[in-house]
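Protein chains: 4
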Amino acid sequence: MKRIGVLTSGGDAPGMNAAIRAVVRKGNYHGVEVYGIYHGYEGFIQGKMKLLDLGSVGGIIQRGGTKLFSSRCPQFMEEAYRLQGIQKMREAGIEGLIVIGGDGSYRGAIELTKLGFHCIGVPATIDNDVPGTDFTIGFDTAINTVVNAIDNIRDTATSHENTFIIEVMGRNAGDIALWSGLAAGAETVIIPEEPYDLDEIVERLKRGESRKKKYSIIIVAEGAMPASKLAEMLKEKAGIETRITVLGHIQRGGSPTAFDRVLASRLGARAVELLLEGKTRRAVGIKNYQVYDYDLMDIMTTKHKADISLYTLSKELSI
Amino acid sequence: MKRIGVLTSGGDAPGMNAAIRAVVRKGNYHGVEVYGIYHGYEGFIQGKMKLLDLGSVGGIIQRGGTKLFSSRCPQFMEEAYRLQGIQKMREAGIEGLIVIGGDGSYRGAIELTKLGFHCIGVPATIDNDVPGTDFTIGFDTAINTVVNAIDNIRDTATSHENTFIIEVMGRNAGDIALWSGLAAGAETVIIPEEPYDLDEIVERLKRGESRKKKYSIIIVAEGAMPASKLAEMLKEKAGIETRITVLGHIQRGGSPTAFDRVLASRLGARAVELLLEGKTRRAVGIKNYQVYDYDLMDIMTTKHKADISLYTLSKELSI
Amino acid sequence: MKRIGVLTSGGDAPGMNAAIRAVVRKGNYHGVEVYGIYHGYEGFIQGKMKLLDLGSVGGIIQRGGTKLFSSRCPQFMEEAYRLQGIQKMREAGIEGLIVIGGDGSYRGAIELTKLGFHCIGVPATIDNDVPGTDFTIGFDTAINTVVNAIDNIRDTATSHENTFIIEVMGRNAGDIALWSGLAAGAETVIIPEEPYDLDEIVERLKRGESRKKKYSIIIVAEGAMPASKLAEMLKEKAGIETRITVLGHIQRGGSPTAFDRVLASRLGARAVELLLEGKTRRAVGIKNYQVYDYDLMDIMTTKHKADISLYTLSKELSI
Amino acid sequence: MKRIGVLTSGGDAPGMNAAIRAVVRKGNYHGVEVYGIYHGYEGFIQGKMKLLDLGSVGGIIQRGGTKLFSSRCPQFMEEAYRLQGIQKMREAGIEGLIVIGGDGSYRGAIELTKLGFHCIGVPATIDNDVPGTDFTIGFDTAINTVVNAIDNIRDTATSHENTFIIEVMGRNAGDIALWSGLAAGAETVIIPEEPYDLDEIVERLKRGESRKKKYSIIIVAEGAMPASKLAEMLKEKAGIETRITVLGHIQRGGSPTAFDRVLASRLGARAVELLLEGKTRRAVGIKNYQVYDYDLMDIMTTKHKADISLYTLSKELSI
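Protein chains in written order, with full-length UniProt numbering: chain U, 1 to 319; chain A, 1 to 319; chain V, 1 to 319; chain D, 1 to 319.
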């Protein structure tokens, strides 16, 4: 292979730029030209791309977001458009593609490989919900952003002796809630994977109160329930007043942490190697702190599982 | 005076601890004992206090929130309770009080001075809405927190080419919106002090789009209108889709900036001097970068005004 | 004027990019084209420049350093080269220049005005040592960087009960040392403007020790003496062991604070207005929180003075 | 066991407080009293300790340094003093000890176990050089501090087009240099574990220059050589001017990252379980993201190894 493409797709995540940089530099190291494809699969279909040289990825390792932009592309569901995209790539001499994104983006890549176009997936999403990898690019940055926000809110909670409910991202996966809850010393963490017990939450709040702890922080993953609903229930059930913060979009941005930059560099570089080894329909991931790769099809049958031991630990420590 | 008290009241603000520290150390410098009164005016009424020595304010200059706690105190509206508090203070030998808080807290202090108890006000609130001072303690930290949050959101806005509406604090004062909007390069800023023009906002968004700027950031102060309402109007009026973030309580917390710590140190120290000079019913403030003091009663007749030149500048720069 | 130039010169400072952005956008607002001149006066002499449109200053308000680069230019000392530069500018239709930098850069601007070329100065340097303005662009960011570093070091100082000497920038001006020392609660601050008294420093350290404060932080401006020299003196004189950190170049970088971005926006915009009003040999500055302008020649006769009241306050609070 | 002790020893590391908190809360969860022993082994010998209840570890999870202080203790080398300490512990009913620190601290713990006192080690040091664990508590925070500092310096390096040499901690272990170098996109990384080749470094710098990259960042671990020495060599050998920054003590402090807080919580909690299971002379660690434990004696025979694949990758990406 003498020329490959790289695109970012789905929700943006901090470290995507570090991954793009690694792909370009590792490609150049092996004498391969790397084209940046803009706006995800939309750019793939339309052939919107540009050669990325070493200079063009200078000074981006520390930037949040994605230099290549991202977008949803409903057209990509239709084979005709996918074929058109492959045609565009082939005309430009591009023989393989690295897709940086979450499992939605991986499905697109699988479709391309079915049409004979070589693809490698690199997991990047703040939700940490891509099966087959212990961590996705962006997750570590997101939990640090959340923890910093909670540290801020705790200043206020402590000063006014209030109970705060903080809603964090995570539609199906409770990873952000779990890690940031444990790291921030939250009294209660509610995740989609585990049933919650309102009585227990109330009892925990009252126990804290009885030993003169007059503030509490509850983290709830958006996929478990909206913060506003929990606030209502606590009020109705136990007369407990709470304050709500929905962290929202600040969780997606920010300069990536050291961990995310290193992860992005390792995974991006390995993806290039796989393409050069003639591999296709593979995803890279990190398992037991080793970079490895697996069949992209695995994501159809495997599901990401949050580390529930953190949930148990969180409960024990918020005695 | 040989013994004075200090309390924090109203919404907490970063730098309150730095002000407490300055009061204690400056008091000690002059051989005066300083008592910390806990939970604002509630503690005043109940005589909940503790001697603060040099060690007790070690390592707090960098902490958000307030070590002395804060709370609302409806009882304080009644003279009987205020008299009870003054009695408690006198029994403990406390001859004067420094009140760190916003203009609501100043009203309480005025009532105490009417009963002959010496009080000095120190302005601390993130809203910057205390008349008589260019800046309140906590404002600089709050706008930096907001600006960092917007920088994060911009990463995402840029990557996905969306328009974001960000709601910031400020019920009557647009200062947080104005300063953070200018500092973050927001395309539009909406504040309570100025009428907004929906047509102009739409036109600005479209103008940006026409020169290929595909994302925009709109800052709206909570006192002007909820972000959700603006989102609805933009959708109905012009079919523009937006995403909303309500920054909420993260704006109150965080380690104070250098500016806020210096301001708190200067104002806290000056308040002690005023008490020692036998002054009462005064507030300290900063005007033209000089520390000065003025009659607390001024807050009844004067209103804080946001610097509207920043609003004009913001518009010119977001051409 | 239909076309103006802007350059950055001298040591870089956070907020220079925000100032460039303001110049470009304010220029565009008035229908004026703005050219970026690269590498300071070197680019002026060689005519290295590029038209800056609105898009080219997108996403730079939050970046440290300077997009236009900076460099020393010995050639500029010679009139022949200055005349060559003016010739290059005139050929390109550029009728006026905005110089963003410190007082060294201002001297260059003065020379250009002597040759009839219109120049306006915008003060940007972390040292805060430009006469005629209360604050320079970059100073607020620098002191926050220093204060964060000291907060980090304090964690260690507290844990191990050591005395730390921290050397900060400031060859002639003690502003960084003064502000960060006060904001960080340093026990001792040594600046070029005031004589230090070793006996007093030792006594202060011992006094702290006697009341069981077992760690201390001393800030020394590089212009007062090297940290290493102070360490030697404390050891020889009083047998006091200290640890040294020289903060160095981290003080120049970082994303500008809200204050610096607002200041840069205001001053950059005002500089454009001055050029359009036909003014020359003026500098913009902030005085009593108002933007104003003054004769550039003033810097030859006036000297910046640090606010010594902060020095006194710092001593009183570190009782 | 009904009562256990916990101490911190050696250089402080961010996350030590989170580990202390986890020990106390996990202990309380199991109905065990936890005593904090102050100033490391010195406090052990002298019996300086205090019962830590739930409230006493409130609000410390986010603090750098160690609430229990740390210090070197030469006396502890002598068996008589160790026996004295054990005696003090027994008198207080303390039956086991959790030692939070690096491998030096582990040696002390081994000596105690030889005298029949139960000890469990928890690895905490920014250097990541404790054998038997993939990561030590504090390492992730330290590399983020370093990466942020380099991001700052890069602003300046870019603006002035200089080459910077940045010296980071790591006497025997290159982990900090390796990870932060990769994360910051440094051009060259020099570590104690690998020989450096001056010719290659020079060539790399010149290659960058030839493709118009005019600044470079070189990271050197203190254990490989001082930054000043490298600067001299580059000047003598190739006439290359560089600027130096020695990051120093800022690397030890700061609020711990989410990763470090989670790691500290997991390891601290597991250490308590081991004591309660009657185990002794064990260390907890993380291996393949699982908490596990191993014989403390292993540290005498095993050596920590940095992940050299990061070194290779760093070189390939800085082509």
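It is worth saying that the hints were derived from the structure and are not from the lab. Mixed in with the good hints, there may be bad ones.
Note that the list lumps identical chains together, so a pair holds whenever it fits in one copy or between two copies.
Claimed, not checked - In silico EDC-like pairs for lysine to aspartate or glutamate, Cα to Cα no more than 20 angstroms straight-line: (1) LYS315 <-> ASP199; (2) LYS287 <-> ASP134; (3) LYS235 <-> GLU194; (4) LYS303 <-> GLU79; (5) LYS303 <-> ASP134; (6) LYS287 <-> ASP307; (7) LYS315 <-> GLU273; (8) LYS229 <-> ASP199; (9) LYS214 <-> ASP53; (10) LYS229 <-> GLU95; (11) LYS315 <-> GLU33; (12) LYS50 <-> GLU193; (13) LYS2 <-> GLU316.
Structure-based check of all given hints:
1. For the identical chains of this complex, LYS315 and ASP199 are intra-copy neighbours only, at 14 angstroms inside a copy versus 52 angstroms across copies, given an alpha-carbon limit of 20 angstroms.
2. When the C-alpha separation of LYS287 and ASP134 is checked against a cutoff of 20 angstroms, the pair qualifies both within a copy, at 6 angstroms, and between copies, at 13 angstroms.
3. In this assembly of identical chains, the alpha carbons of LYS235 and GLU194 never lie at most 20 angstroms apart, being 22 angstroms within a copy and 37 angstroms across copies at closest.
4. For the identical chains of this complex, LYS303 and GLU79 are neighbours neither inside a copy (26 angstroms) nor across copies (55 angstroms), given an alpha-carbon limit of 20 angstroms.
5. Taking CA atoms no more than 20 angstroms apart as the test, LYS303 paired with ASP134 passes inside one copy only; the shortest distance there is 12 angstroms, against 26 angstroms between copies.
6. When the C-alpha separation of LYS287 and ASP307 is checked against a cutoff of 20 angstroms, the pair qualifies both within a copy, at 14 angstroms, and between copies, at 15 angstroms.
7. Taking the closest pair of Cα atoms, LYS315 and GLU273 come within 20 angstroms of each other only across two copies (15 angstroms); inside a single copy the shortest separation is 43 angstroms, beyond that limit.
8. In this assembly of identical chains, the alpha carbons of LYS229 and ASP199 lie at most 20 angstroms apart only when taken from the same copy (15 angstroms versus 36 angstroms across copies).
9. Taking the shortest alpha-carbon separations for LYS214 and ASP53, only the inter-copy value of 16 angstroms comes in at or below 20 angstroms, while the best intra-copy value is 57 angstroms.
10. Taking identical chains as interchangeable, the C-alpha atoms of LYS229 and GLU95 are never at most 20 angstroms apart, the minima being 50 angstroms within one chain and 47 angstroms between chains.
11. Taking CA atoms no more than 20 angstroms apart as the test, LYS315 paired with GLU33 passes between copies only; the shortest distance there is 19 angstroms, against 51 angstroms inside one copy.
12. For the homomeric pair LYS50 and GLU193, neither the shortest alpha-carbon distance inside one copy (42 angstroms) nor that between copies (40 angstroms) is at most 20 angstroms.
13. When the C-alpha separation of LYS2 and GLU316 is checked against a cutoff of 20 angstroms, the pair qualifies only between copies, where the shortest distance is 18 angstroms, while the shortest distance within a copy is 55 angstroms.
The structure shown violates the earlier hints numbered 3, 4, 10 and 12.
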